[in-house]
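Trainee: Residue strings, one per chain:
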Amino acid sequence: MSATIMPSADATGEARAQGQGGSLEARNLVKDFRLRSGLKVSMLHAVKDISFTVEAGRTIALVGESGSGKSTIARMLAKLEAPSSGGVFIDGAPSGSRGRALERYRSEVQMVFQDPFASLNPFHSISHHLERPIRLHHPGLGRAEVASRVEELLERVQLEPATRYLERRPHELSGGQRQRVAIARALAPGARFIIADEPVSMLDVSIRLGVLNLLAELQREAQLGVLYITHDLATARHFSDEILVMYRGDIVERGPADEVILNPQHEYTMRLLEAAADPERHGALRDEVRRAE
Amino acid sequence: MTAPEASARFGEPVLTARGVSIEYEVDPPVQAVRDVTLTLHRGEILGLAGESGCGKTTLAYGLNRLLKPPALQTSGEIVFHDRDGDDIDVVSLSDERLRAFRWSKVSMVFQGAMNSLNPVLNVRAQLDDVLRTHRPGMKKAERLARSRELLELVGVDPDRISSFPHELSGGMRQRVMIAMALALDPQVMIMDEPTTALDVVVQRGIIREIMRLRERLGFAVIFITHDLPLLIEISDRIAVMLRGEIVELGTAESVYRDPQHEYTKRLLSSFPSLRGDRGGFLRGTGANQEVAS
Numbered sequence: 003m004s005a006t007i008m009p010s011a012d013a014t015g016e017a018r019a020q021g022q023g024g025s026l027e028a029r030n031l032v033k034d035f036r037l038r039s040g041l042k043v044s045m046l047h048a049v050k051d052i053s054f055t056v057e058a059g060r061t062i063a064l065v066g067e068s069g070s071g072k073s074t075i076a077r078m079l080a081k082l083e084a085p086s087s088g089g090v091f092i093d094g095a096p097s098g099s100r101g102r103a104l105e106r107y108r109s110e111v112q113m114v115f116q117d118p119f120a121s122l123n124p125f126h127s128i129s130h131h132l133e134r135p136i137r138l139h140h141p142g143l144g145r146a147e148v149a150s151r152v153e154e155l156l157e158r159v160q161l162e163p164a165t166r167y168l169e170r171r172p173h174e175l176s177g178g179q180r181q182r183v184a185i186a187r188a189l190a191p192g193a194r195f196i197i198a199d200e201p202v203s204m205l206d207v208s209i210r211l212g213v214l215n216l217l218a219e220l221q222r223e224a225q226l227g228v229l230y231i232t233h234d235l236a237t238a239r240h241f242s243d244e245i246l247v248m249y250r251g252d253i254v255e256r257g258p259a260d261e262v263i264l265n266p267q268h269e270y271t272m273r274l275l276e277a278a279a280d281p282e283r284h285g286a287l288r289d290e291v292r293r294a295e
Numbered sequence: 050m051t052a053p054e055a056s057a058r059f060g061e062p063v064l065t066a067r068g069v070s071i072e073y074e075v076d077p078p079v080q081a082v083r084d085v086t087l088t089l090h091r092g093e094i095l096g097l098a099g100e101s102g103c104g105k106t107t108l109a110y111g112l113n114r115l116l117k118p119p120a121l122q123t124s125g126e127i128v129f130h131d132r133d134g135d136d137i138d139v140v141s142l143s144d145e146r147l148r149a150f151r152w153s154k155v156s157m158v159f160q161g162a163m164n165s166l167n168p169v170l171n172v173r174a175q176l177d178d179v180l181r182t183h184r185p186g187m188k189k190a191e192r193l194a195r196s197r198e199l200l201e202l203v204g205v206d207p208d209r210i211s212s213f214p215h216e217l218s219g220g221m222r223q224r225v226m227i228a229m230a231l232a233l234d235p236q237v238m239i240m241d242e243p244t245t246a247l248d249v250v251v252q253r254g255i256i257r258e259i260m261r262l263r264e265r266l267g268f269a270v271i272f273i274t275h276d277l278p279l280l281i282e283i284s285d286r287i288a289v290m291l292r293g294e295i296v297e298l299g300t301a302e303s304v305y306r307d308p309q310h311e312y313t314k315r316l317l318s319s320f321p322s323l324r325g326d327r328g329g330f331l332r333g334t335g336a337n338q339e340v341a342s
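Note that the protein sequences, when read in sequence, are chains Z and R.
Numbered per the numbering used here, the first sequence spans residues 3 to 295.
Numbered per the numbering used here, the second sequence spans residues 50 to 342.
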């Protein structure tokens, strides 16, 4: 396989300049899991016929509680899980699920996981984490080119100067820095779409916005399409263009971010919003239970 | 309720800490808690906010004398003002008296409740254990009746008393933990991130339960979390911790409306507003940049 098969960073840059959007589409995705308890076998419908499209340069938030199926969707989009039916389409064409086609798909669609403490290998240096995807997806590149791309990636995620981080190992970095490395690693193959599954929920609160802002900035610069999976309605609203609300494997409400949060239609969305902490309502709960007692 | 009303209602102190410092005796020593002075009033919810590593959990453990080496309280006094008028010097309690003091006067709900129940004992055995240890005079039937009553109090069907922890949902396990903490009718409950691992809707249910029980039973709560919006919503007063020190202490309203310390302001700004405007959040301005470029 030669490097020319892959669109190089420059080539995709050109494509962006020409305004070629591209899209990542989930079409009628279904995922059933077989549950066994003793001799009984039952079906869990984790994801029920879900369709949506992530366009280049846009962020879609998938919100819902644990067990609602949002991570299963992420895993299907990342090809870590095969759908029971339905498919994933990239730029309108069915995506490959094995061999070269899968490799090509993976260079376009990458994932950022929730736990930066578990998703980086403690044995390897930061530069190794970034070199490897570059080498795998661009085998034609020379040593010097790989090294310069690694430095460029670290600078893009604001780990500067890059030389300070190259030889460090994950345990020497803070959670926020580690998540930045994880983002750099997702960008390394030249990905156009990022699936971020709760990318900041394990981080300290004061650095969460920094990491989200970085993702937003990278997205604008490179016209990435981002699927932001979260249970946090406030960041979903501010960080994305569109929100999909999931409940038990179904999308129960979807729409422009502000619309869904400020003018929810579905009863479940209202329940989620009602449950979110809101400092404006301080004392309200106390007064309510006091009246009830 | 306005601030003066609140202080009138929560006049009498139940727990006073003066100049408490706690050190981890490692090399080099770590000052985890520095000169903390804090008064908890009867029936009050005091929120303790701060990020990981700020010493909030260490302080909570110190208040209940649960510190284990290498953690050591190096200075300060902790006095518990009992309901019947006795003042108990917590720091100098002998082992035997400490055992009687803990849980019956001050109980704790620990972080990660998913894992703090014993997986091989059913709920009944674990509740029974608390009562048998601290109330040796109680008969078996009385203990069972009390255990069922406790479950009912926290909103768990008493018929689930024979369930094992793995048979309960996360929210139910947390409710069982609260039932255990309530078993001896404590005057203070220290809750360390009691709802962090739970889904928002479940979390809201637990919070409501805690508020309701406080109204009914009149215990005071030290509620520890990094979730400042939640604290503002439910607390009477809030203490903000940074690097082992309390940098700001005030009513929930004043901390929210008029934060004094830089760090409090930063923490507050780390939580984008759910329903309010976009504020300084970068993505809002980013859209304009995109148009401009």
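Honestly, the hints are just simulated from the structure, not real lab data.
Small disclaimer: the values here were computed from a predicted structure and weren't measured.
Where hints are given, some of them may not hold.
[Said to hold, decoys possible] Within a straight-line C-alpha distance of at most 25 Å, the following computed SDA-like cross-link-like pairs (lysine to any residue) qualify: (1) K42(Z) to V251(R); (2) K42(Z) to D248(R); (3) K314(R) to D206(Z); (4) K314(R) to S203(Z); (5) K314(R) to G257(Z); (6) K42(Z) to L217(R); (7) K50(Z) to G257(Z); (8) K50(Z) to G23(Z); (9) K314(R) to K81(Z); (10) K314(R) to L41(Z); (11) K50(Z) to R209(R); (12) K314(R) to M204(Z); (13) K314(R) to G59(Z); (14) K314(R) to F115(Z); (15) K42(Z) to S212(R); (16) K314(R) to S68(Z); (17) K81(Z) to F115(Z); (18) K314(R) to N30(Z); (19) K189(R) to V169(R); (20) K42(Z) to E201(R); (21) K314(R) to G177(Z); (22) K42(Z) to S318(R); (23) K50(Z) to V251(R); (24) K314(R) to N215(Z); (25) K42(Z) to S211(R); (26) K314(R) to K50(Z); (27) K50(Z) to D248(R); (28) K314(R) to S208(Z); (29) K314(R) to A286(Z).
Trainee: Can you list which hints this structure breaks, lowest number first?
Mentor: 1, 2, 5, 8, 9, 10, 11, 13, 14, 16, 18, 20, 22 and 26
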